[in-house]
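Asks: Using the sequences and the hints given, assemble the complete structure.
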Amino acid sequence: MTINNSVQADRTKLTAGGIAEYLNAELIGDPELVLTSIASIQQAGAGSITFLSDRKYLSQVAQTAASAIVLQAEFAQATHVTRLVVDDPYLCYARLSRLFAPTVGKDIIHPSAVIADNVAVSSGVSIGANAVVEAGAQIGADSVIGAGVVIGARARIGDRVRVHANATIHYDCVVGDDCEIHSGAVVGADGFGWARGPDGWEKIHQLGVVTLGDRVSVGANTCIDRGALGDTRIESGVILDNLIQIAHNVHIGENTAIAGCVGIAGSTTIGSNCTIAGGVGIVGHLSICDKVHVTAKSFVNRSIEQPGSYSSAYPLEPTRSWRKNAVRLHKLDSIARVVKRLEKQC
Amino acid sequence: MTINNSVQADRTKLTAGGIAEYLNAELIGDPELVLTSIASIQQAGAGSITFLSDRKYLSQVAQTAASAIVLQAEFAQATHVTRLVVDDPYLCYARLSRLFAPTVGKDIIHPSAVIADNVAVSSGVSIGANAVVEAGAQIGADSVIGAGVVIGARARIGDRVRVHANATIHYDCVVGDDCEIHSGAVVGADGFGWARGPDGWEKIHQLGVVTLGDRVSVGANTCIDRGALGDTRIESGVILDNLIQIAHNVHIGENTAIAGCVGIAGSTTIGSNCTIAGGVGIVGHLSICDKVHVTAKSFVNRSIEQPGSYSSAYPLEPTRSWRKNAVRLHKLDSIARVVKRLEKQC
Amino acid sequence: MTINNSVQADRTKLTAGGIAEYLNAELIGDPELVLTSIASIQQAGAGSITFLSDRKYLSQVAQTAASAIVLQAEFAQATHVTRLVVDDPYLCYARLSRLFAPTVGKDIIHPSAVIADNVAVSSGVSIGANAVVEAGAQIGADSVIGAGVVIGARARIGDRVRVHANATIHYDCVVGDDCEIHSGAVVGADGFGWARGPDGWEKIHQLGVVTLGDRVSVGANTCIDRGALGDTRIESGVILDNLIQIAHNVHIGENTAIAGCVGIAGSTTIGSNCTIAGGVGIVGHLSICDKVHVTAKSFVNRSIEQPGSYSSAYPLEPTRSWRKNAVRLHKLDSIARVVKRLEKQC
Chain W
1395 MTINNSVQAD RTKLTAGGIA EYLNAELIGD PELVLTSIAS IQQAGAGSIT
1445 FLSDRKYLSQ VAQTAASAIV LQAEFAQATH VTRLVVDDPY LCYARLSRLF
1495 APTVGKDIIH PSAVIADNVA VSSGVSIGAN AVVEAGAQIG ADSVIGAGVV
1545 IGARARIGDR VRVHANATIH YDCVVGDDCE IHSGAVVGAD GFGWARGPDG
1595 WEKIHQLGVV TLGDRVSVGA NTCIDRGALG DTRIESGVIL DNLIQIAHNV
1645 HIGENTAIAG CVGIAGSTTI GSNCTIAGGV GIVGHLSICD KVHVTAKSFV
1695 NRSIEQPGSY SSAYPLEPTR SWRKNAVRLH KLDSIARVVK RLEKQC
Chain E
1395 MTINNSVQAD RTKLTAGGIA EYLNAELIGD PELVLTSIAS IQQAGAGSIT
1445 FLSDRKYLSQ VAQTAASAIV LQAEFAQATH VTRLVVDDPY LCYARLSRLF
1495 APTVGKDIIH PSAVIADNVA VSSGVSIGAN AVVEAGAQIG ADSVIGAGVV
1545 IGARARIGDR VRVHANATIH YDCVVGDDCE IHSGAVVGAD GFGWARGPDG
1595 WEKIHQLGVV TLGDRVSVGA NTCIDRGALG DTRIESGVIL DNLIQIAHNV
1645 HIGENTAIAG CVGIAGSTTI GSNCTIAGGV GIVGHLSICD KVHVTAKSFV
1695 NRSIEQPGSY SSAYPLEPTR SWRKNAVRLH KLDSIARVVK RLEKQC
Chain U
1395 MTINNSVQAD RTKLTAGGIA EYLNAELIGD PELVLTSIAS IQQAGAGSIT
1445 FLSDRKYLSQ VAQTAASAIV LQAEFAQATH VTRLVVDDPY LCYARLSRLF
1495 APTVGKDIIH PSAVIADNVA VSSGVSIGAN AVVEAGAQIG ADSVIGAGVV
1545 IGARARIGDR VRVHANATIH YDCVVGDDCE IHSGAVVGAD GFGWARGPDG
1595 WEKIHQLGVV TLGDRVSVGA NTCIDRGALG DTRIESGVIL DNLIQIAHNV
1645 HIGENTAIAG CVGIAGSTTI GSNCTIAGGV GIVGHLSICD KVHVTAKSFV
1695 NRSIEQPGSY SSAYPLEPTR SWRKNAVRLH KLDSIARVVK RLEKQC
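Protein chains in written order, with the working numbering: chain W, 1395 to 1740; chain E, 1395 to 1740; chain U, 1395 to 1740.
For the record, the hints were derived by calculation from the structure and aren't laboratory data.
This one's a predicted model, so the numbers in the text were calculated from it and none came from an experiment.
Some hints could be false.
Not everything, but these chain W residues come out facing chain E in the computed CB check (under 8 Å) [stated by the list, open to error]:
| hint | residue |
| --- | --- |
| 1 | L1452 |
| 2 | V1455 |
| 3 | Y1484 |
| 4 | A1488 |
| 5 | R1492 |
| 6 | A1495 |
| 7 | H1558 |
| 8 | H1576 |
| 9 | L1637 |
| 10 | A1690 |
| 11 | T1713 |
Chain E stretches covered by chain W per the calculated footprint, using a threshold of three residues with CB under 8 Å from any CB of chain W [to be verified]:
| hint | stretch |
| --- | --- |
| 12 | 1440–1448 |
| 13 | 1723–1736 |
All residues carry an ideal CB built from backbone N, CA and C; glycine is no exception.
Replies: This is the structure:
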C-alpha cells in the first residue's frame, strides 16, 4: 500500500476500530475508543495511541498512560490497554502519523500570489501568499505551493506535490507526483561549471535541468543543481534530508536515502537502495553501486562496486591524546617502514 | 547587565563621558569628546573609539589614530588618548558595538505584507515588505519581521525578536523573547523520519514543533527540524552560526554555542555551556554532558560523559605525504599486530 | 576576451560560420550549417554541436551523431562532420554554452516588486515579482533581480549582475559588476561574534559589510557574513559553489575557486588562484598563500605558506576494516613509542 495525500482522516472521529481497519491490525479492546493523539510510550496520556517498535522499551509498556498501543503479537500480553496487533509497528506508526498531521488548505490561490498568464494550474491546487509562478509552468492536481515559493518558467510540478515556504524551483525543471520540497530548497540552480580563460574563470552555462521522479523528498535548504548538458536526475522514492548539496549531472537511483549535510560532486552516480549517513562527502565522477551504506562523515574518494558498508572518519577522542596521535599520523609511513625492517631483522 | 534592544543611543551624541557611564568605566580624558565610530586599533582614525582586548596588540596602542580606547588598568599608561578603563574590554566592545549598529525601523507594517486576519500583533512590531504571517500566529512587542519572511500558522514569536529577510518559521513553532533568526534559516521543517514499507520509504509525519528559549540566535540558512512526536528544544541563550543542521528531537542546553556547518542528528542531547566548533558532525541518539568543547571538524560518534575538550580530525599535510600515510592507515591494524609480536620477541 | 552578458546570440541563426567567427576557430565544413543545440559527444544528435576536450573520448568521435564538433587540430581527422579547430576546446565550450542559454527578460520591473522611493535603478534593469529593494539601494545597468529577492537598504549592486530568486543581500553590502548570486544565498548576514558576559553570550554587533569584486559568483544557499569592524572581502573573479559558509572578515583573493560545502572561519585570508575542493573546513585567523590547492574534505588547521597541494582526510574503506584500524588509531602514539624502543634494541 502506498499512502497518498488524499488519505486524511477527521481526527475527532478516530476510533480504535477505525484505526485497526486502516492499519489492517487485529484489535484487542474497545473498537469505539476515541483516540485524539499519538505519542511515545513514555509521553503518552489518556486518549493517546502509542506503539512498541523496539524491544528495549518493552519494560515501559506496562506503565504507559496511553489508551491504546500498536505492537507485535508476541508482546500483546505486556499490557491490558486496547491493543492493535500488527507485523511492523514502526511502519504502522508512520501510517498513523499521517492521520494526526494537520490538514493542509486546498484549492486556495492567495490573491497576493503572482501567477503568470500562461501557467497551467490543475484542480485542487493551493498557492500561498506572495508565491510566484513564472510563465509556462504547470502545477498538477492537488499540489500545495507554500508562501514565498518561486516556481520558474516552464517548470512542471506533478500531482499532490508539496512545495514549502520560500523554496525555489528553477525554469524547465521537472518534479514528479507526490514529491515534497522543503523550505529554502533550491532545485535547478546553475551547476558549478567553469573553464579557465586567459583572464580568469569563464562560466559554462548550465543547459540541462533537474528531474525528480515520484515520491522524492527534498529537505530544507538542500540544493540540487541543474545539469551542464544532460540533466541531474533523482529517481522515484529518493529521500534527501536538509542542507545536502547535489552537483550537476549527478544521478541517484530509486529509494536511496541521504541524510543531512552530505555533499555529492558533479557527475557521480549513486545506485538504488543506498543509505548515505550524515556529513558524507562524495567526490565527482564516481560510480556507487546499489545497496551501499556509507557511515556518517565518511569521505568517498573512490567508486564502490560491491554492496556493503563503508566508512572513513577519524573517531573522537580527548583532544590531549588526539594531539599526540595526530602528530604520529604524519609519520605513519616512516613508522610502517621501520616496522617492516624490524620484522625482517627479528 | 543584560543589554536589550531598547538601548539604542543616538550616535551623533555619543561622548566619551556617556560611553564611560554606559560601560561603567573609569574615564581618563575629556568627557565631552564626541565619538562617531568604533574600529580596531590598526584601522581606527580620528573620532574612533577602539579597544585593547588582547595583549598581543599592546605594541600598537601607542601608534593608534583612535581618539579613545577601552582597556584594562594595567595598560592605561600605554597611550595618552582618552581612555576608558574596564575589567573586560572584549565584553565592553560587544556592548559598545550595539551603540554603533544601525537603528531598525519600528512600528511599520508594510502594506505589501500579507497578515492573516486572526494574527495577534503586539505594539511596536515592524513587518517588512512581502512578508507573510499565517493564521493564528502571534508576534510579540517590538519584534521586527524582515522582508519576505514567512511565519507559519499559529507560530508564537516573543518580544523584541528579529527575524531577518527570507527566513521561514513553520506552523506551531515557538520563539522566545529577544531571539534573532537570520536570513534563510528554516525553523520547523519536517524532521527526516521514514519507515521502510513494501514499496519504499513511507513518511513519518512530524507532529512535534521547535521551541526556542529566550535570547537564542539562529544563523543564516541554519535548519532546525520539528520533532517527530515530542519537540526539538533549544534552550535560552544558545547561539547557532550559519548552515547548521539540527535534526528532530535534538535538545540543546542553555548558553551552548555552535559554529557554522555543524550537523546534529536526531534525538541527540547536548548539555549547557558547550562549545562546538565549525564543521563538527554529531551522530544521533547521543548524550553530551555540560561544558564539553569539540574542536573543529570532529566526528562525535559516541556519548560524552566528562566535561573537557574532544577532537577527531586528520590534520593537514602536503598531499604527497598524505597519500603515503593514508595508504598505511588502511594497514594500521596489521602494523599494530606486527609491533605487538615484535615486542614479545625482542 | 571576457565574454559579458550582452553577447547573446539569436539561436535560430547560429551557423557554423558564425560560431567559428565567435570562437576564432578555423572552420572545416559548411559555414551555412545551422546549429540548434550543444551536447556531449555521446548525446549529440542532428543539429547539435559538440566538443572534444578530453583525449579519452577520442574513440567516440567517429560515431557521434553531432553535426559539428569543436576540437584541436591534432584530432581534426577523427571525423568528417563540420569541424571548428581551436586551441582550447573546453574554454570554447564555455563560450558556446552562453549562446544556447535562455535569454533573460530585460527592462521589466514587475508591478508586485516593492521598491523603496529613493532607490537608484539604472537602465535595462529587470526586477522580478515580489522582490524587495529597500531604501537607498542602487542597482546598476542591465542587472536582473529575481523573484522574491531582498536587497537591503543602501546596498550597491553593480552592472550586469544577476541575483536569482529568493537570494538576500543585506544593507550596505557592495556587489561589483558582472556578479551572479544564486538562489537562497545570503550576503551580509551578521557574523558570529559574541562576548561572554555574566549572564551568557552578548552579541557583538557586526558593523562591517561584505564587498564582492567584479565577476564574483556566489552559489545557492551560500552565506557570506558581514565583517565585525572591517569588511569581509571577496576579490574579483572568485567563484563560490553552493552551501559554503564564509565567516566575518574573511578575505579571498582574485580568481580563487571554492567548491560546495566548504566552511571558512572568521578572519582567515585566502590567496588568489587557489582551488579549495568540496567539504573542506578552514579554521579562523589563518593565512593561506596564493596558488594553494586543498583536496576534498580536508581540515585546514594551520596556515599555508608554500603553494602546492594539501590534504587531510581518512580515505574510505569497508566498515569492518575501518573499525579495526580506527581502534588502533587511538593507540598510535604508544605504537610509535614501542617502535622507537624496538628500533634502538634491535
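Asks: Indicate, hint by hint, whether the structure satisfies it.
Replies: Now for the hints, and whether the structure bears them out:
The beta carbon of L1452/W comes no nearer than 18 Å to any beta carbon in chain E, farther than 8 Å, and the hint placing it at the interface is violated. Annotation: V1455/W was flagged as interfacial toward chain E, and the flag is violated, the nearest CB pair being 16 Å apart, outside 8 Å. Hint status for Y1484/W relative to chain E: holds, with the closest Cβ pair at about 5 Å, below 8 Å. A cut of 8 Å between beta carbons decides the hint on A1488/W: the least distance to chain E is about 4 Å, and the hint holds.
For the restraint placing R1492/W at the interface with chain E, the shortest Cβ-Cβ distance is roughly 5 Å, inside the 8 Å limit, so the hint holds. Contact between A1495/W and chain E, as hinted, is supported at the beta carbon level, the nearest pair being about 4 Å apart and thus within 8 Å. The beta carbon of H1558/W is positioned within 8 Å of a beta carbon in chain E (closest approach about 7 Å), and the interface hint is therefore held. Because the closest C-beta pair between H1576/W and chain E is about 5 Å apart, less than 8 Å, the hint holds.
About 5 Å separates the beta-carbon of L1637/W from the nearest beta-carbon of chain E, less than 8 Å, and the hint is met. The closest approach between the C-beta of A1690/W and any C-beta of chain E is roughly 5 Å, which is under the 8 Å cut-off, so the hint is satisfied. At its closest, the beta carbon of T1713/W sits 4 Å from a beta carbon of chain E; the interface hint therefore holds under the 8 Å criterion. Coverage of a stretch by a chain is defined here by at least three residues with a beta carbon nearer than 8 Å to that chain's beta carbons; for the stretch 1440–1448 of chain E and chain W the count is 0, and the condition is violated.
Counting residues of the stretch 1723–1736 of chain E whose CB lies closer than 8 Å to any CB of chain W gives 7, which reaches the minimum of 3, so the coverage claim holds.
Checked against the numbered hints given earlier, the structure breaks hints 1, 2 and 12 and satisfies all the rest.
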